[in-house]
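Chemist: Sequence:
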Amino acid sequence: MFLADGTENTIDTFPKEKSATILDLDKFSSDGKLKIVAESTNNDYPSVASNSVDLNIPFKLFVPTIFTPNNDGINDLLEIRTLKSKIQSFEMKIFDRFGNEITCLNEIESKWDGKSNGINVPKGTYPYQIAITLTNHTTKIYKGNIYIINN
1163 MFLADGTENT IDTFPKEKSA TILDLDKFSS DGKLKIVAES TNNDYPSVAS NSVDLNIPFK
1223 LFVPTIFTPN NDGINDLLEI RTLKSKIQSF EMKIFDRFGN EITCLNEIES KWDGKSNGIN
1283 VPKGTYPYQI AITLTNHTTK IYKGNIYIIN N
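Numbering of the sequence shown is given in this note's numbering, commencing with residue 1163 and proceeding in unit increments.
Each hint should be verified, as a subset may be incorrect.
To be verified - Within a straight-line C-alpha distance of at most 25 Å, the following computed DSS-like cross-link-like pairs (lysine-lysine) qualify: (1) K1248 with K1277; (2) K1285 with K1273; (3) K1305 with K1255; (4) K1197 with K1246; (5) K1302 with K1246; (6) K1302 with K1255; (7) K1222 with K1273; (8) K1246 with K1222; (9) K1277 with K1305; (10) K1302 with K1285; (11) K1305 with K1246; (12) K1285 with K1246.
Hint data in this document are derived by calculation from the structure and do not stem from the laboratory. All values derive from a computational prediction rather than experimental measurement.
Please model the complete structure; the sequences and the hints are all you need to start from.
Modeler: Here is the structure:
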């Protein structure tokens, strides 16, 4: 398979007289055109077929539910994972158990170290709200809880 930027990526190979329809969308970082090329390796009857398709990657967001900001180098930062190329604006507010905002992240690349005003917050559950505006101008709101341990 040849990607729109000219690079090549083999997704799958399969035995003679078999077909495949597997396409792992997580291997792609943005929407665009995808050119699929099938090439026969039979030396007696070589052939090549290709087709281009529009690729529309669905938006997904991963927010960890637990992290351990104890400076051991493992899970020390809260990091949101998503397809960043689809985001126009991002805001994540994290609250204490009384509903007071303790931090606000305004960039999807921002990471939280478990501190509020430079001081480690106590272990416990912290509600959050994320507001994201996508490049197609739709807004999505996500709410949940983050649990901090070993702080």
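Chemist: Against each hint, give a clear statement of whether it holds in the structure.
Modeler: We went through each hint and held it up to the structure:
no., hint, verdict
1, K1248 with K1277, "violated, 29 Å"
2, K1285 with K1273, "holds, 18 Å"
3, K1305 with K1255, "holds, 10 Å"
4, K1197 with K1246, "holds, 23 Å"
5, K1302 with K1246, "holds, 14 Å"
6, K1302 with K1255, "holds, 14 Å"
7, K1222 with K1273, "holds, 18 Å"
8, K1246 with K1222, "holds, 10 Å"
9, K1277 with K1305, "holds, 20 Å"
10, K1302 with K1285, "violated, 29 Å"
11, K1305 with K1246, "holds, 19 Å"
12, K1285 with K1246, "violated, 30 Å"
Checked against the numbered hints listed earlier, the structure breaks hints 1, 10, 12; every other hint is satisfied.
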